[in-house]
Amino acid sequence: MTKVMDSDQVRRAVTRIAHEILERNKGVEDVCIVGIRTRGAILAERIHKAIREIEGADVPCGILDINLYRDDLAVATRQPVVRETLIDFDITDKTIVLVDDVLYTGRTIRAALAALVDLGRPAVIQLAALVDRGHRELPIRADFVGKNIPTSQSQKVKVTLREADSGEDGVFLQEADHA
Amino acid sequence: MPKWTHKHLLDLQEMSRDDIALILETAKSFKEVSQREVKKVPALRGKTVALLFAEPSTRTRMSFELAAKRLSADTLSIQAAASSLVKGETLLDTALNIQAMNVDLVVVRHSASGAPQIIANGTQMAVVNAGDGCRSHPTQGLLDIFTMNERIGKLEGIKVAIVGDILHSRVARSNIAGLTRMGAHVVVCGPGTLIPMGIEAMGVQVTTRIAEALKDADVVMALRMQKERQQEAYLPTVSEYVREFCITPDRLRYAKPNAIVMHPGPTNRGVEIAAEVADGPQSVILDQVTNGIAVRMAVLYLLLGRKAKV
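Chains as they are written, first to last, in my numbering: chain A, 1 to 179; chain B, 180 to 489.
Treat the hints as calculated values from the structure; they're not laboratory data. A couple of the hints might just be wrong.
Unchecked claim - FRET-style restraints, in silico, Cβ to Cβ:
1. B:Glu193 with A:Arg16: 37 to 45 Å
2. A:Arg121 with B:Ser418: 58 to 66 Å
3. A:Glu55 with B:Arg215: 29 to 37 Å
4. B:Gln303 with A:Arg121: 40 to 48 Å
5. B:Lys218 with A:Lys49: 27 to 35 Å
From a predicted model like this one, the values you see are computed outputs, not experimental measurements. Each residue gets a CB set at the ideal place from its N, CA and C atoms; glycine is no exception.
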């Protein structure tokens with residue numbers, strides 16, 4: 001298992017993404033952050049905090065559970081545990097920054113987009129990912145990326161965040177035989 | 180992470196504590212779906228759910244139908260009066276015909292205990308029991324338990340008083356099975372003729388004194404007094420039942436001040452429950468109906484959300 005990002009690098013990437021979001025959207029007006037459970041939600045909360053520190057503004061922040069929108073529900077051997085979607089603001093006409101930890105095939109993001117449009121009609125949806133590992137199966141790209149990591153499909157990318165996992169923040173590359 | 184291994188939901192007795200906890204947790208997410216502007220998710224798109232009701236029911240059938248539709252499953256409804264059941268076709272034949280139309284799951288309500296089991300044994304479809312005879316009504320038990328957990332915040336150690344015709348009540352049996360599994364203390368209370376022999380074996384306290392049953396209770400659940408029982412000589416008169424067991428504002432004071440009042444419906448106001456109580460601030464009777472949809476969505480999702488054929 002190789003460490004590709006340590007906790008300092010994760011912290012800096014989150015701060016940079018926060019800056020880029022502000023720069024792209026020329027401030028915080030109508031910007032809302034929505035994280036995909038579980039680790040995307042944690043990163044969304046961190047980006048939310050970083051924006052508050054940089055800009056002094058509290059942007060709305062929510063959590064999206066995409067399991068009911070997955071395209072592999074019918075073929076998965078065991079169904080995923082469904083948890084609550086917690087978005088207590090109206091997303092219609094807002095700029096939604098969708099946050100996930102790893103961008104891979106793009107199928108999770110497709111499900112998230114379907115889930116979001118059921119909740120309202122955002123003006124814009126942008127995508128932020130801590131890691132882009134390539135191998136897209138759908139025409140989806142990220143607007144904000146913490147780090148691009150070239151991988152082979154047999155490898156696994158593991159993100160640990162102190163809120164969800166024991167130990168400190170980090171991104172690791174695992175060979176298939178260790179999985 | 181808890182693992183779901185059941186193909187059918189026939190009886191809460193078959194469910195472990197983890198199974199029930201998973202259903203309650205999943206139902207919480209589905210409750211949120213029902214509060215949205217777009218009350219629909221694509222989780223069960225392409226699945227077909229049949230509702231086979233060989234006994235009258237409005238609430239339960241509507242609840243299951245909405246639950247299936249909000250998950251994007253297709254539904255069809257078969258009611259006994261309009262079906263071949265009255266022409267003499269056996270229940271299993273009807274079920275096999277439903278299966279031949281590639282239905283994935285069948286929800287069964289029947290006056291005979293064990294009818295859903297017969298369909299589960301005789302077909303490949305997943306089966307959900309929506310009430311069989313006096314035996315079991317698992318989704319009602321689950322929605323009651325969900326409502327208690329939502330209102331009180333826990334199940335372990337709470338006192339639940341179930342009052343009324345325990346003998347003929349599948350609602351009582353399912354509540355007892357689920358609640359005792361989750362660590363709640365259940366007291367059943369009613370006229371001696373309407374308390375089944377040996378019910379103590381299910382882990383409940385039995386009393387014929389209403390004051391004792393309601394004392395410090397967190398939950399007071401009244402059951403429907405089926406008036407036809409009087410003709411069957413279980414009760415001398417309805418007015419005698421009202422005098423001894425009707426949940427009145429005065430009697431409710433025996434329970435904890437913030438106790439909740441439940442009823443599976445339909446209610447006979449002034450028989451098992453006073454109108455002031457049924458419509459009072461402690462009543463959660465309509466929350467039970469709302470939560471029923473979320474709980475049934477959770478059950479359908481867990482039973483159909485994966486490739487069921489093993």
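Q) Taking each numbered hint in turn, which are not upheld by the structure, reported in ascending numerical order? A) Of the numbered hints, just 1 does not hold.
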